[in-house]
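A.B. asks: In the UniProt record's numbering, the protein residues as written are 1 to 328.
Bear in mind the hints are in silico, worked out from the structure with no lab data behind them. Do not rely on the hints blindly, as some may be mistaken.
Claimed, not checked - Here are the in silico distance ranges between beta carbons for each label pair: (1) Tyr98 to Tyr17: 23 to 33 Å; (2) Gly193 to Arg168: 14 to 24 Å; (3) Gly102 to Thr25: 46 to 56 Å; (4) Glu214 to Asp288: 13 to 23 Å; (5) Ala11 to Ala291: 29 to 39 Å; (6) Pro114 to Ser229: 32 to 42 Å.
Even glycine gets a Cβ: it sits at the ideal position worked out from N, Cα and C.
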Amino acid sequence: MQFGLRIPSIAWPNLTYERTQALKTYCQKVEALGFDAIWVIDHYLPTPVLYSVSWLDPLQALTFAAGCTERIKLGTAILVLPYREPILLAKQIATLDYLSGGRFLFGVGTGWDPDEFRALGVRLEDRGVRTDEVLDVVLRLLSEKNVTHRGKFFQFENVTIEPMPPRRPPLWVAGGAVTHAPGAPEKPYIARGVLRRIMKADAWIARSSGSAEEDVRNDWEQIQTQAQSIGRDPSSILFAHTQFLHIVDTTDREKAYTRQREVFQQIFGTHRSFDDLKASYLTGTVDDMVARLDGLRKIGLQYTILNPVTDEVDQLDLIHKHLVTALR
Numbered sequence: 001m002q003f004g005l006r007i008p009s010i011a012w013p014n015l016t017y018e019r020t021q022a023l024k025t026y027c028q029k030v031e032a033l034g035f036d037a038i039w040v041i042d043h044y045l046p047t048p049v050l051y052s053v054s055w056l057d058p059l060q061a062l063t064f065a066a067g068c069t070e071r072i073k074l075g076t077a078i079l080v081l082p083y084r085e086p087i088l089l090a091k092q093i094a095t096l097d098y099l100s101g102g103r104f105l106f107g108v109g110t111g112w113d114p115d116e117f118r119a120l121g122v123r124l125e126d127r128g129v130r131t132d133e134v135l136d137v138v139l140r141l142l143s144e145k146n147v148t149h150r151g152k153f154f155q156f157e158n159v160t161i162e163p164m165p166p167r168r169p170p171l172w173v174a175g176g177a178v179t180h181a182p183g184a185p186e187k188p189y190i191a192r193g194v195l196r197r198i199m200k201a202d203a204w205i206a207r208s209s210g211s212a213e214e215d216v217r218n219d220w221e222q223i224q225t226q227a228q229s230i231g232r233d234p235s236s237i238l239f240a241h242t243q244f245l246h247i248v249d250t251t252d253r254e255k256a257y258t259r260q261r262e263v264f265q266q267i268f269g270t271h272r273s274f275d276d277l278k279a280s281y282l283t284g285t286v287d288d289m290v291a292r293l294d295g296l297r298k299i300g301l302q303y304t305i306l307n308p309v310t311d312e313v314d315q316l317d318l319i320h321k322h323l324v325t326a327l328r
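Using the sequences and the hints given, assemble the complete structure.
C.D. replies: So, in structure tokens, the structure goes:
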């Protein structure tokens, strides 16, 4: 299994310049430990349904990380496409890809938070079709000259992005079935539009929040079936997954829970029960975490993006020692 690390590019309360600058050492440590990529999250505003904090701008955070590192890949997990204007986004991606020496991984999704959509003047109801339009246009702009586009949301003529990357950044697409209602007789299914989007990708990022292993397995089976139906080798799609975590170096599960409850509430708030957090993310002892990830590996998981909920540098050593070493 491969492991990426989603850095805590969090807009902490009372954030200081010094704390933000410490991300330089953090990124360098991630690279030195041999993680496969640095990843960032994308939220413009606090999203109180899930989180009590916001994050730094993802593309600027990755540009910062590119300047701190030399070899490690740099990805968005994920970039919310309906918020973006495609010409501007293509230019930003091309710039980042060149400044990083071709290390950028283009992870995308539709987004979900009504408050963010409302604040940015984008209809939540349009997120699927808008995602598809932005994605199609950006991919063309990153590979073609004199692009003309007349779509539902964007129209332009003869646009060329310079510098154009020598190759398209690898595309990672997030998405899955609607969360399954407990006791419902039918299986959850992935919408056709989401499946079509995933079929364009080099990798699929499974959802993490509240995702039972059975639901992730069902999603992966649908993706494999869809790939076969269009003549694509299912093994050509990398199966990835994101997870928040905090390792407590103890074999005492209750002791681990006590500390995890404290640090998880710093970014998830107190409105979500700890039972909900335990069901959604990696908690408990190291053995509990390994067992959960190993269960996903057995159904096909190939790449895990781990997201520490603090910016404590020693978490990187613990993650590498207890999870990466055990599962890679």
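A.B. asks: Determine for every hint whether it applies to the structure shown.
C.D. replies: Tested hints:
1. Tyr98 to Tyr17: 23 to 33 Å: holds (27 Å)
2. Gly193 to Arg168: 14 to 24 Å: holds (21 Å)
3. Gly102 to Thr25: 46 to 56 Å: violated (24 Å)
4. Glu214 to Asp288: 13 to 23 Å: Given about 18 Å between the Cβ atoms, the range holds.
5. Ala11 to Ala291: 29 to 39 Å: Between Ala11 and Ala291, where Cβ atoms are some 33 Å apart, the hint holds.
6. Pro114 to Ser229: 32 to 42 Å: holds (34 Å)
In this structure, only the earlier hint numbered 3 is contradicted, and the remaining ones agree with it.
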